[in-house]
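Asks: Each chain is listed here by its residues.
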Amino acid sequence: SAVISQKPSRDICQRGTSLTIQCQVDSQVTMMFWYRQQPGQSLTLIATANQGSEATYESGFVIDKFPISRPNLTFSTLTVSNMSPEDSSIYLCSVVTDLETQYFGPGTRLLVL
Amino acid sequence: GENVEQHPSTLSVQEGDSAVIKCTYSDSASNYFPWYKQELGKRPQLIIDIRSNVGEKKDQRIAVTLNKTAKHFSLHITETQPEDSAVYFCAASWNTGGFKTIFGAGTRLFVKA
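From first to last, the protein sequence lines are chains A and B. Going by this note's numbering, the first sequence opens with residue 1, and the numbers climb by one from there. Going by this note's numbering, the second sequence opens with residue 114, and the numbers climb by one from there.
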């Protein structure tokens, strides 16, 4: 399995500001993803974080709003830009190991006022 | 498009009874079917998975079955305990041209003591 940590675990932010969420994995992984989970809902893929190149975004998510960095095979960041209350959600980092098994980080609980 | 349907959305059982959650998927390329348990405020935790070359897999009180012809897969929990109460997500994944996972909407399981 993979041990995944995220920082911060939670935050309360003012609208119009930006927050950067960090994801660290204890081993090198090829695939890293960022998901959003609204309260009581399932998991929605935001983007695939590609090492050394631009992230691949899903329909409805754009780079200007959710810029992603992936400088190496163990670390990634997701920024939520120009936040509004609609961005209040849980943001989860996820990795797929060499055995093609998917694991999730503990999540970042974001509240935008 | 790709879709995973999950039923029921809510399931209430008496402690000691069995619980069954069913999912269907649409994409024939799916070859990996994980199940996640998510307790309140926690990350989705992988509890069991099955790959397309296997029809059934069991781990203590938890079992998963897969019918590729019908595109059905199910989670079976026997001798349920109150600590089994959580939201369960099924998912269908494939890795052609990039790893992709589609999640079901989730089943909220209540185990009454």
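These are calculated hints, taken from the structure and not from any lab test. A hint or two may mislead.
Once the Cα atoms are required to be at most 27 Å apart in a straight line, the calculated BS3-like pairs of lysine-lysine come out as [what the hints assert, rightly or not]:
no. : chain 1 : residue 1 : chain 2 : residue 2
1   : A       : K7        : B       : K135
2   : B       : K213      : B       : K155
3   : B       : K225      : B       : K135
4   : B       : K181      : A       : K65
5   : B       : K171      : B       : K184
6   : B       : K213      : A       : K65
7   : B       : K155      : A       : K7
8   : B       : K170      : B       : K155
9   : B       : K155      : B       : K181
10  : B       : K170      : B       : K184
11  : B       : K184      : B       : K225
12  : B       : K225      : B       : K213
Every value quoted in this text rests on a predicted model; they were computed, and no experiment measured them.
Asks: Now tell me, hint by hint, if it's right for this structure.
Replies: Hint check results:
no., hint, in the structure
1, A:K7 x B:K135, "violated, 35 Å"
2, B:K213 x B:K155, "holds, 23 Å"
3, B:K225 x B:K135, "holds, 21 Å"
4, B:K181 x A:K65, "violated, 39 Å"
5, B:K171 x B:K184, "holds, 19 Å"
6, B:K213 x A:K65, "holds, 22 Å"
7, B:K155 x A:K7, "holds, 15 Å"
8, B:K170 x B:K155, "holds, 25 Å"
9, B:K155 x B:K181, "violated, 31 Å"
10, B:K170 x B:K184, "holds, 16 Å"
11, B:K184 x B:K225, "violated, 31 Å"
12, B:K225 x B:K213, "violated, 36 Å"
Hint compliance for this structure: hints 1, 4, 9, 11, 12 are not met, and every other hint is.
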